[in-house]
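Please build the complex by placing chains B and C on the supplied structure of chain A, with the hints as guidance.
Residue numbers (this note's numbering), protein chains in the order written: chain A, 39 to 315; chain B, 54 to 365; chain C, 668 to 990.
These are calculated hints, taken from the structure and not from any lab test.
Some hints here could point you the wrong way.
Footprint (simulated), chain C over chain B, 3 or more residues, beta carbon under 8 Å [claimed, not checked]:
no.: 1; segment: 255-267
no.: 2; segment: 275-286
no.: 3; segment: 350-362
Okay, derived cross-link-like pairs now, EDC-like style, lysine to aspartate or glutamate, Cα gap no bigger than 16 Å in a straight line [claimed, not checked]:
no.: 4; chain 1: B; residue 1: K176; chain 2: C; residue 2: E730
no.: 5; chain 1: C; residue 1: K780; chain 2: C; residue 2: E815
no.: 6; chain 1: B; residue 1: K176; chain 2: B; residue 2: D268
no.: 7; chain 1: B; residue 1: K361; chain 2: C; residue 2: E823
no.: 8; chain 1: C; residue 1: K914; chain 2: C; residue 2: E814
no.: 9; chain 1: C; residue 1: K806; chain 2: C; residue 2: D790
no.: 10; chain 1: C; residue 1: K800; chain 2: C; residue 2: E814
no.: 11; chain 1: A; residue 1: K51; chain 2: B; residue 2: D178
no.: 12; chain 1: C; residue 1: K780; chain 2: C; residue 2: E807
Anything over 10 Å on all C-beta distances counts as not near chain C; from chain B, calculated [to be verified]:
no.: 13; residue: I69
no.: 14; residue: I190
no.: 15; residue: S291
In this text, a Cβ means the ideal position worked out from N, Cα and C, and glycines have one as well.
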Amino acid sequence: MINNFIKDGLKNKTFCVGFFIFFSVLFIAIFADIIAPYTYDEMEIINKLNNPNQQHLFGTDRYGRDIFSRVVYGSRIALWVGLIVVIIESFIGISLGLLAGYYGGITNRIILFITDLTWSMPPIILALAIITMLGPSLNNVVTSIAIVSWAQFTRIVRAKTQSLKNMPFVEAARAFGENDFNIIFRYILPNVMPSIIVITTLALPSAILLTSSLGFLGLGAQPPLPDWGVILYNGIPFIRKAPWITIFPGFAIAYTVLGFNLLGEGLRDILDPKLKI
Amino acid sequence: MLNYTLRRLFQGVFVIIAITATLFLIMQLMPGDPIKLICNPRIPQERIEELRHLWGLDKPIIIQYFYWFSNIIKGDFGTSIISGQKVSTLIAQRLPYTLMLTGPALLIEFIISIFLGLIAAYKRDSIFDKVIVNLAIILRAIPIFWLGILFIMFFSLKLRILPVSGYSGFKSLILPLATLVFPYLAINLRLTRSEVLEVLRERMVLTAYAKGLNDRQVLLRHVLRNALIPTTVMFFLSLPWIFGGSIIIESVFAWPGTGKLLWKSIVGQDFPVVQGIIFIIAMLTVISNTTGDVITALLDPRIRLEIKGENA
Amino acid sequence: MKTDKDLVSINDLSVSFNTSAGVVSAVDRVNFSIRKKEIFALVGESGCGKSTTAYALMRLISEPGEITGGKIIFQGQDLLSLSRREMFNIRGKKISMIFQNPLDSLNPVYRIKSQLSEAIVLDKISKKDAWKKAVEIIKEVRIPDPEERANSYPFELSGGMRQRVMIGMMISRNPQLLIADEPTTALDVTIQAQILEIIKDLKEAIETSILLITHDFGIVAEIADRIAVMYAGKIVEIGEVFQIFEKPCHPYTQLLMGSLPRMNKKEGRLKTIFGNVPNLINPPIGCRFHERCPYSKKECQEIEPKMEEVEKGHLCACILTRK
Numbered sequence: 039m040i041n042n043f044i045k046d047g048l049k050n051k052t053f054c055v056g057f058f059i060f061f062s063v064l065f066i067a068i069f070a071d072i073i074a075p076y077t078y079d080e081m082e083i084i085n086k087l088n089n090p091n092q093q094h095l096f097g098t099d100r101y102g103r104d105i106f107s108r109v110v111y112g113s114r115i116a117l118w119v120g121l122i123v124v125i126i127e128s129f130i131g132i133s134l135g136l137l138a139g140y141y142g143g144i145t146n147r148i149i150l151f152i153t154d155l156t157w158s159m160p161p162i163i164l165a166l167a168i169i170t171m172l173g174p175s176l177n178n179v180v181t182s183i184a185i186v187s188w189a190q191f192t193r194i195v196r197a198k199t200q201s202l203k204n205m206p207f208v209e210a211a212r213a214f215g216e217n218d219f220n221i222i223f224r225y226i227l228p229n230v231m232p233s234i235i236v237i238t239t240l241a242l243p244s245a246i247l248l249t250s251s252l253g254f255l256g257l258g259a260q261p262p263l264p265d266w267g268v269i270l271y272n273g274i275p276f277i278r279k280a281p282w283i284t285i286f287p288g289f290a291i292a293y294t295v296l297g298f299n300l301l302g303e304g305l306r307d308i309l310d311p312k313l314k315i
Numbered sequence: 054m055l056n057y058t059l060r061r062l063f064q065g066v067f068v069i070i071a072i073t074a075t076l077f078l079i080m081q082l083m084p085g086d087p088i089k090l091i092c093n094p095r096i097p098q099e100r101i102e103e104l105r106h107l108w109g110l111d112k113p114i115i116i117q118y119f120y121w122f123s124n125i126i127k128g129d130f131g132t133s134i135i136s137g138q139k140v141s142t143l144i145a146q147r148l149p150y151t152l153m154l155t156g157p158a159l160l161i162e163f164i165i166s167i168f169l170g171l172i173a174a175y176k177r178d179s180i181f182d183k184v185i186v187n188l189a190i191i192l193r194a195i196p197i198f199w200l201g202i203l204f205i206m207f208f209s210l211k212l213r214i215l216p217v218s219g220y221s222g223f224k225s226l227i228l229p230l231a232t233l234v235f236p237y238l239a240i241n242l243r244l245t246r247s248e249v250l251e252v253l254r255e256r257m258v259l260t261a262y263a264k265g266l267n268d269r270q271v272l273l274r275h276v277l278r279n280a281l282i283p284t285t286v287m288f289f290l291s292l293p294w295i296f297g298g299s300i301i302i303e304s305v306f307a308w309p310g311t312g313k314l315l316w317k318s319i320v321g322q323d324f325p326v327v328q329g330i331i332f333i334i335a336m337l338t339v340i341s342n343t344t345g346d347v348i349t350a351l352l353d354p355r356i357r358l359e360i361k362g363e364n365a
Numbered sequence: 668m669k670t671d672k673d674l675v676s677i678n679d680l681s682v683s684f685n686t687s688a689g690v691v692s693a694v695d696r697v698n699f700s701i702r703k704k705e706i707f708a709l710v711g712e713s714g715c716g717k718s719t720t721a722y723a724l725m726r727l728i729s730e731p732g733e734i735t736g737g738k739i740i741f742q743g744q745d746l747l748s749l750s751r752r753e754m755f756n757i758r759g760k761k762i763s764m765i766f767q768n769p770l771d772s773l774n775p776v777y778r779i780k781s782q783l784s785e786a787i788v789l790d791k792i793s794k795k796d797a798w799k800k801a802v803e804i805i806k807e808v809r810i811p812d813p814e815e816r817a818n819s820y821p822f823e824l825s826g827g828m829r830q831r832v833m834i835g836m837m838i839s840r841n842p843q844l845l846i847a848d849e850p851t852t853a854l855d856v857t858i859q860a861q862i863l864e865i866i867k868d869l870k871e872a873i874e875t876s877i878l879l880i881t882h883d884f885g886i887v888a889e890i891a892d893r894i895a896v897m898y899a900g901k902i903v904e905i906g907e908v909f910q911i912f913e914k915p916c917h918p919y920t921q922l923l924m925g926s927l928p929r930m931n932k933k934e935g936r937l938k939t940i941f942g943n944v945p946n947l948i949n950p951p952i953g954c955r956f957h958e959r960c961p962y963s964k965k966e967c968q969e970i971e972p973k974m975e976e977v978e979k980g981h982l983c984a985c986i987l988t989r990k
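Excised from the complex, chain A in its bound form (with noise of 0.2 Å):
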């Protein structure tokens, strides 16, 4: 089963360009160490708000940081609040879908209600009234982004839990004596599984998108973290002067959403083509 899906993947040109840039992104934040020819919070005021040039490859910003290094070390900001962001809210909507398709009745009327209410408010205003009663860090960037988007998993693996169900494998496993949890989790979870994957590939550039408009709204990692939203952020009074410093960070952005928006398309071509999303 492996070797079909690597077979159709290699086939699949929007799977295999997302992944190549998932992959250089990824590359980039392991290696940033590397990569980076300064650290991130490098001050040198002498060259502070440099064009681009050898030295700093992307110009340097108000207090003389290399731009460059600092949007290689913000990817691993992006690449590790968009993970545990995706952890966290995968694992609150899965389980909540799985109860409310399984158990119908008023556990699903509950779910469904607070799943619309959450989805109901336009994501960004929510998520801003969150961090701001907790208080802008990263930290909370995650949790608050997490309570906002769960719904997006609640509310497919609900619908495809409902369809299968009533099928007849489940109803043979009922009729085998098998308890609740194991017709979900042993019954039910595996042939939802496809589309879990697909919606937490696009739900990773969701949270990368939402991560850096918080950032860019003041309101996200706290300085000096390169968060890419708040590299953009910090360059708003300089975009006459000092263009680099809004367009790089912006470019890093478009560039890994890119990379997971075509991985998750390619992987729902090839793993559940029907998916509405």
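Frame of chain A; chains B and C shown alone:
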């Protein structure tokens, strides 16, 4: 039909209460004290307590919420803690600017996405289609604030044909509007395209051709008509999200709308203003969801049948 | 061989499908003619290419399929050489088609009346007159309460009624040829009989020819005048109904006839044809049936049999018929 609409709106009231109550709770749980924030630190404690009592902030949360809700129904949005102005005045001053941006943006992106999505799906795998789809994929990955900044850099700073920020007449509307339109256009375009592709696979399209209809008649009367059903639902469901985008846009372009006000009020813990704006957004959410449901029923007779069944 | 009695003549028609696994030769140099005022049945098992042939006649083949060769002569014109716009004038008016599953064949959001009149107005009839004619057609296909039914939506009708609406819709403009692609397969047996009755009666009333696509020999026996048997994309035998039923020539036809359960005979196990349909991406050279044919000889693997007349009006594509 009327019954159904009223029923959905009634359910919507609960949604509004739930949303505003949740936000209320969140605001209450915020650290710090808004009274202290605006007061001179040398003011004696009793005065602070007096002010707190005046604002009603010493009562239990549920009572506060109740007061707030009963007031807002009467149209009294309360007073801003930070500026002392009536919240309704503050919002009324700024709402038109936000609507000036979001209204046309929604209309433009809906119409263009349907039009392009239909053609792209019909000419599947042609150069046109590939270009459109790839453009949409790329646009979706670009952060809105970065797009806005790039636009400013190119059109305002380099070409100098459009103003950099703030509101100054029609010309200043163009860049923020464009920035708001593109990302949502990208998403809706792909959705429409995939819905149209699905309809094109259906046998009734063959029937239409077999009857002797030409391409235009088949595409407009059968394909589009059917693809519009899920597309319109998605559009109305995602309508509130454009307010999220407008917060960022208003920040980038220093646009005097409610988005910037909301941000300032959340950060400054100005409860009444936050509650007021959230109330309006919640109302708009309910109205747009209900409108989406009603329009679906109007477009799809099978749903009307289900509704009749529910009513019986 | 085209004669004056021919309405449409299909010459060397070939259709292939470009799939990721290879090019599927679904229809390979098919030849037959349909005469005026006859019911011509195209018979074969699932996947033999009969539906594809029908779709090719209407030029409704779309990606990944394409018509790769041949001519379809209809009223002096080669349909395959007409422009897209010219085909719009042929469909519905001169040649029309009813499909297998009436549920998905009708648009669920429009009323029956609109879907019927949509076709009628194409002949420059006013909307009001078209609506009247629509109700008449509903009456003609024997649906009770025609005025009420006209305002219904497709999902409010039963399968049999929907198929009748389809038939009515497709003969409303008096086409010369009606293609019926497995018209009764998705319906109950009792309804099947009714639909067949309607088709027969309509054929008499408006003097149209019918190309009936089916795998059911029972239906063929009921209403067909002539039959063509198809196997793996090729026509193997053509003849009048009684010729095929009483003296089937091609081994495949013989086996098919033999596998039909008979009411008057006591049979033990039902006979089947061993083996599987050949892979059409790499079709066997020579006769496409040779792997399953009980009489196959060495020549069958090498030479492709040509259609030869074994008696008047009866053609067969098997080298054994030479004897």
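Please name the hints from earlier in the document that this structure breaks, with their numbers sorted from lowest to highest.
8 and 9
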